[in-house]
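J.: Residue numbers (UniProt numbering), protein chains in the order written: chain R, 1 to 414; chain S, 1 to 414.
Since the hints were made in silico from the structure, they are not lab data.
The structure presented is a predicted model; accordingly, all values stated were derived computationally and were not measured.
All C-beta atoms, glycine included, are put in the ideal place defined by N, C-alpha and C.
Watch out, some of these pointers could steer you wrong.
[Said to hold, decoys possible] Incomplete in silico selection of chain R near chain S, CB under 7 Å:
#1 Glu-170
#2 Asp-174
#3 Ser-341
#4 Thr-377
#5 Gln-378
#6 Gly-399
#7 Leu-400
Number of protein chains: 2
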Amino acid sequence: MEKLKGAVLLGQSGGPTSVINASAAGVFLAALDSEYVTDVFGAVHGVKGILNEEFYDMRKEDRAELERLKNTPSSSIGSVRYKLADPAKDDTDYKRLLEVFKKYNIRYFFYNGGNDSMDTANKINEFFKNSGYDCRIMGVPKTIDNDLNGTDHSPGFASAAKYIATTFMELFHDATVYDTKQVTIVEVMGRNAGWLTAAAALAQAKGQGPDLIFLPEQPFDLEFFNKRVEEVVNAKGKAIVAISEGVQTKDGKYIPELFKDLHTDSFGHAQLGGTAQVLAEEIGGKLNVKVRAIEFSLMQRSAAHLASKVDVEEAFNAGKLAVEAAINGESGKMVGFKRISSKPYVMEYVLLPLSLAANHERKVPLEWILPNNEGLTQDFVDYALPLIQGDCKAELEDGLPRFAKLKKVRVAKR
Amino acid sequence: MEKLKGAVLLGQSGGPTSVINASAAGVFLAALDSEYVTDVFGAVHGVKGILNEEFYDMRKEDRAELERLKNTPSSSIGSVRYKLADPAKDDTDYKRLLEVFKKYNIRYFFYNGGNDSMDTANKINEFFKNSGYDCRIMGVPKTIDNDLNGTDHSPGFASAAKYIATTFMELFHDATVYDTKQVTIVEVMGRNAGWLTAAAALAQAKGQGPDLIFLPEQPFDLEFFNKRVEEVVNAKGKAIVAISEGVQTKDGKYIPELFKDLHTDSFGHAQLGGTAQVLAEEIGGKLNVKVRAIEFSLMQRSAAHLASKVDVEEAFNAGKLAVEAAINGESGKMVGFKRISSKPYVMEYVLLPLSLAANHERKVPLEWILPNNEGLTQDFVDYALPLIQGDCKAELEDGLPRFAKLKKVRVAKR
Chain R
1 MEKLKGAVLL GQSGGPTSVI NASAAGVFLA ALDSEYVTDV FGAVHGVKGI
51 LNEEFYDMRK EDRAELERLK NTPSSSIGSV RYKLADPAKD DTDYKRLLEV
101 FKKYNIRYFF YNGGNDSMDT ANKINEFFKN SGYDCRIMGV PKTIDNDLNG
151 TDHSPGFASA AKYIATTFME LFHDATVYDT KQVTIVEVMG RNAGWLTAAA
201 ALAQAKGQGP DLIFLPEQPF DLEFFNKRVE EVVNAKGKAI VAISEGVQTK
251 DGKYIPELFK DLHTDSFGHA QLGGTAQVLA EEIGGKLNVK VRAIEFSLMQ
301 RSAAHLASKV DVEEAFNAGK LAVEAAINGE SGKMVGFKRI SSKPYVMEYV
351 LLPLSLAANH ERKVPLEWIL PNNEGLTQDF VDYALPLIQG DCKAELEDGL
401 PRFAKLKKVR VAKR
Chain S
1 MEKLKGAVLL GQSGGPTSVI NASAAGVFLA ALDSEYVTDV FGAVHGVKGI
51 LNEEFYDMRK EDRAELERLK NTPSSSIGSV RYKLADPAKD DTDYKRLLEV
101 FKKYNIRYFF YNGGNDSMDT ANKINEFFKN SGYDCRIMGV PKTIDNDLNG
151 TDHSPGFASA AKYIATTFME LFHDATVYDT KQVTIVEVMG RNAGWLTAAA
201 ALAQAKGQGP DLIFLPEQPF DLEFFNKRVE EVVNAKGKAI VAISEGVQTK
251 DGKYIPELFK DLHTDSFGHA QLGGTAQVLA EEIGGKLNVK VRAIEFSLMQ
301 RSAAHLASKV DVEEAFNAGK LAVEAAINGE SGKMVGFKRI SSKPYVMEYV
351 LLPLSLAANH ERKVPLEWIL PNNEGLTQDF VDYALPLIQG DCKAELEDGL
401 PRFAKLKKVR VAKR
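From just these sequences and the hints, can you work out the full model?
T.: Structure (structure tokens):
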């Protein structure tokens, strides 16, 4: 296929991770190195920035700072939660995107995000194709939730999993320090898929993890929860519980929803949180023991100081490969990971149709979940352990991480 | 002074830290190396274990595992919150302690803890002295709160401060990622002294910290809090707030207390928590912006993977020096730190009377606090920055920390 000359544009979307900027570094550095790329733009807050013609000129950045993006958490050019309409019903945004892409001669577009973002990239790709505008559109996977379909795993998951496993081990030591009865309930992110909460099983495998693990893959029963916690406290004096923020009763109710009204975000997702708190109050009253509710909150997705080396490298390579594939003529694809083996860990980068990843959620296989919420099988441990290997973090300056400092020079509006 | 032959006993007390086990390693290894030490005991859950004649035989442990205690968080032999009575009023516990010490020929006793623990050690020291029982009793400082009197700082503080500064930097990147208005309120531990919350100023010094810092050293005013947060949100679109769990109104009310009943622990201290949550709900309703409450919870005191090298080494040395000083005849003292200079960081180990440290709380100097809750002065940064230098963590095994594994062999009751 002929090589297309034009500008590269990257957008970051959805919740940030420890390594989304590593993918950005992969895209930017590969784009800067290509003879076919005339400009390198970063969208200010994803698709919203594109609609508003708001771009950073990445050619103005120091290369050393772009390299530092590999170890800088969160979305350095700004993220967004904005869902495009179905173009069959309302194509206003798509027409506007086409206009902007033409005006800036954007011929390569990379969207770095999760299911919703892959859906967005897919719709734009279809619309542009139907409009006859030659633009290569590629998805770069990103989600701590690890629920992207078609790929063995997604960048961001492994670093969050490493944070969760390490922190559970540390909490295990802290939460067992007194000789009094105690229940510690730890809430982990994950809307519909329990991959992140399951990562607590890596701490269990070291004998320093939670006693009970509750995933959203299984319906939650408050009575059974209370019973199991009581059994563990009676047997061991302590109970440490890992629970996903996304667990639901068989009637589809989230835990905080059992107690108060629930709000939804612009994608129609429920705004969660408070699951551990609510359950701690419930169980504390029932068992008359000391309880503590802990939320890993934003730390689990931004603790770049504890990033997995495997994750950082794969995230970077995913961005780089997306650019290389696009220049070689690919479009409408997402970079995915195909596992060849776990011991030793061998993985192949593959290209998947965006439509495969878009809006399909990949969940923890039910056969990997042990009965009675005791944890996960060895299959899960074998799956997750290779992903969290190695340390890779920002160099220290004054004992603190030296994150990337971008100049963020805006592109003049045309 | 004559050298005393007998058993060494260590007790760990109060809330654990990332480096309390490093002090234990210092005590155990120095004791094992001394020709004057006949036995090395670890009290099972501090003073409570002593009263019950429950000891671990530390001579049965592998030396390599005792070395690994340096990087293992929490209190490996178990902690306790137990306050001895005033011996003038009730000397039952003291008599029992004396009996146990005599029975096991314990001639060296090290108590590793904060203000309350130094008070306990001091009372035991006085009682034994008055009873004519020759026993060297030394305090080894430990508190993330950094409020021990007479010493420049205390082991545990620096590692927690490093966690707090690093995490605020990471949260800064995460909490500013969307172009929507947002308030993030982060609650930090610290009952009466604001040292830990002040550590957020180290992130501020890097331009990646909170906008507002609220310490317990200053009375909290809800109206002023709301006003300041609103000002910051209006000016910057985001507000990140660091607040100590211990802030009180001028009437002495804790924040959650303004909304619900408050329980107290066995020392008569208020059980805190929920400060960020309550304020987030308050400000969210007032400003109609997205709010998020974050608690660093147990992570701030157990994140050994982010320990400061300076802290680990000082904690270890404090334990080691306590043993050496006791063998050389010292008693009734606490190992303290005297700062000679900050740039470069030069520190001298000193011995302080236990009575000096006991029950006096050292607070953040008011002249180090900037007006309008904007943060801390450069004096604070110069004070705290040298303490968080260097990384020092457990080696990785399967990508996860390899913490010490103790055999915990019990000493037969005599």
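J.: Work down the list of hints and note, for each, if the structure agrees.
T.: Each hint, compared with the structure:
The interface hint given for Glu-170(R) holds, since its Cβ lies 4 Å from the closest Cβ of chain S, which is under the 7 Å cut-off. Proximity of Asp-174(R) to chain S holds as hinted, the smallest CB-CB distance being about 4 Å (cut-off 7 Å). The beta carbon of Ser-341(R) is not positioned within 7 Å of any beta carbon in chain S (closest approach about 17 Å), and the interface hint is therefore violated. Contact between Thr-377(R) and chain S, as hinted, is not supported at the beta carbon level, the nearest pair being about 17 Å apart and thus beyond 7 Å.
A least Cβ separation of about 13 Å between Gln-378(R) and chain S goes past the 7 Å threshold, and the interface hint is therefore violated. Proximity of Gly-399(R) to chain S holds as hinted, the smallest CB-CB distance being about 4 Å (cut-off 7 Å). With 7 Å as the threshold, the beta carbon of Leu-400(R) comes within range of chain S, its nearest partner Cβ sitting at about 6 Å, so the hint holds.
The structure fails to meet hints 3, 4, 5 from the earlier list, while all remaining hints are met.
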